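Q: Chains A and B are the protein sequences, given in the same order.
Each residue of the first sequence is one higher than the one before, counting from 1 in the numbering used here.
Each residue of the second sequence is one higher than the one before, counting from 1001 in the numbering used here.
If you are wondering where the hints come from, they were derived from the structure by calculation, not from laboratory data.
Keep in mind that a hint or two might mislead.
Partial chain A-side listing against chain B, Cβ under 10 Å, derived [unchecked claim]:
| id | residue |
| --- | --- |
| 1 | V4 |
| 2 | K19 |
| 3 | P42 |
| 4 | P43 |
| 5 | R63 |
| 6 | A87 |
| 7 | V112 |
Here are the simulated PhoX-like pairs of lysine-lysine, each with C-alpha atoms no more than 25 Å apart in a straight line [what the hints assert, rightly or not]:
| id | chain 1 | residue 1 | chain 2 | residue 2 |
| --- | --- | --- | --- | --- |
| 8 | A | K9 | B | K1042 |
| 9 | A | K41 | B | K1022 |
| 10 | A | K19 | A | K53 |
Computed footprint of chain B on chain A; a stretch qualifies when at least three of its residues, placed anywhere within it, have a C-beta under 8 Å from a C-beta of chain B [what the hints assert, rightly or not]:
| id | segment |
| --- | --- |
| 11 | 45 to 56 |
| 12 | 68 to 75 |
Remember, predicted model here, so these are calculated numbers, not experimental data.
Think of the CB as a built atom: it goes at the ideal place given N, C-alpha and C, for glycine as much as any other residue.
The chain contents come next:
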Amino acid sequence: DTEVTQTPKHLVMGMTNKKSLKCEQHMGHRAMYWYKQKAKKPPELMFVYSYEKLSINESVPSRFSPECPNSSLLNLHLHALQPEDSALYLCASSQDGGSNEQYFGPGTRLTVT
Amino acid sequence: GENVEQHPSTLSVQEGDSAVIKCTYSDSASNYFPWYKQELGKRPQLIIDIRSNVGEKKDQRIAVTLNKTAKHFSLHITETQPEDSAVYFCAADMNTGFQKLVFGTGTRLLVSP
Chain A
1 DTEVTQTPKH LVMGMTNKKS LKCEQHMGHR AMYWYKQKAK KPPELMFVYS YEKLSINESV
61 PSRFSPECPN SSLLNLHLHA LQPEDSALYL CASSQDGGSN EQYFGPGTRL TVT
Chain B
1001 GENVEQHPST LSVQEGDSAV IKCTYSDSAS NYFPWYKQEL GKRPQLIIDI RSNVGEKKDQ
1061 RIAVTLNKTA KHFSLHITET QPEDSAVYFC AADMNTGFQK LVFGTGTRLL VSP
């Protein structure tokens, strides 16, 4: 299996809702990433997990809470989001946290109303 | 921190022509430079990458060159086809021990039949 999968594909949530994004890979990769991508912009790194430990938090607001239950799964818990948080949320994985190829999932298109 | 500049922002070519996209980076410690292709509504896909110990790498119609002294790298696509139309992002790693990619602003390539 050489894919990164993400669920759901689309998500609409109100500002008071709590929701979670899920990411899964079965390539044996030990580093996983969350990116945020606004329209016509490059992906922006949010979090990096290496060997199931949070290695990088790019000063992301606490309304975004990442979780890595095991080496294959990565979650992003969302709470009290703002309309400006609407974006494509991409998950990626790589062999480890070094300079290795990152493979992206298809993303979750999030709309906050 | 690392800054990656990418030019041009848009590029229109005729089918069969060559296309060149250029990037410059600021952090001399960067040593990994991937290129991603993102079609509309799709995930970024790694198309080629180069490491600092190599000056050029080719994969069929795609090639990447790296000039570490000048801190710039370029993507070359020969014999372009309409299916090459997409947004292309260059990136450079920050060599922090945990892979952090900094992306360029993207180039929208349009290949006309």
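Q: All hints, please: hold or fail.
A: Structure-based check of all given hints:
no., hint, result
1, V4, "8 Å, holds"
2, K19, "21 Å, violated"
3, P42, "4 Å, holds"
4, P43, "6 Å, holds"
5, R63, "22 Å, violated"
6, A87, "14 Å, violated"
7, V112, "19 Å, violated"
8, A:K9 - B:K1042, "11 Å, holds"
9, A:K41 - B:K1022, "17 Å, holds"
10, A:K19 - A:K53, "22 Å, holds"
11, 45 to 56, "holds (count 5)"
12, 68 to 75, "violated (count 0)"
Violated hints, in rising order: 2, 5, 6, 7 and 12; the structure is consistent with all others.
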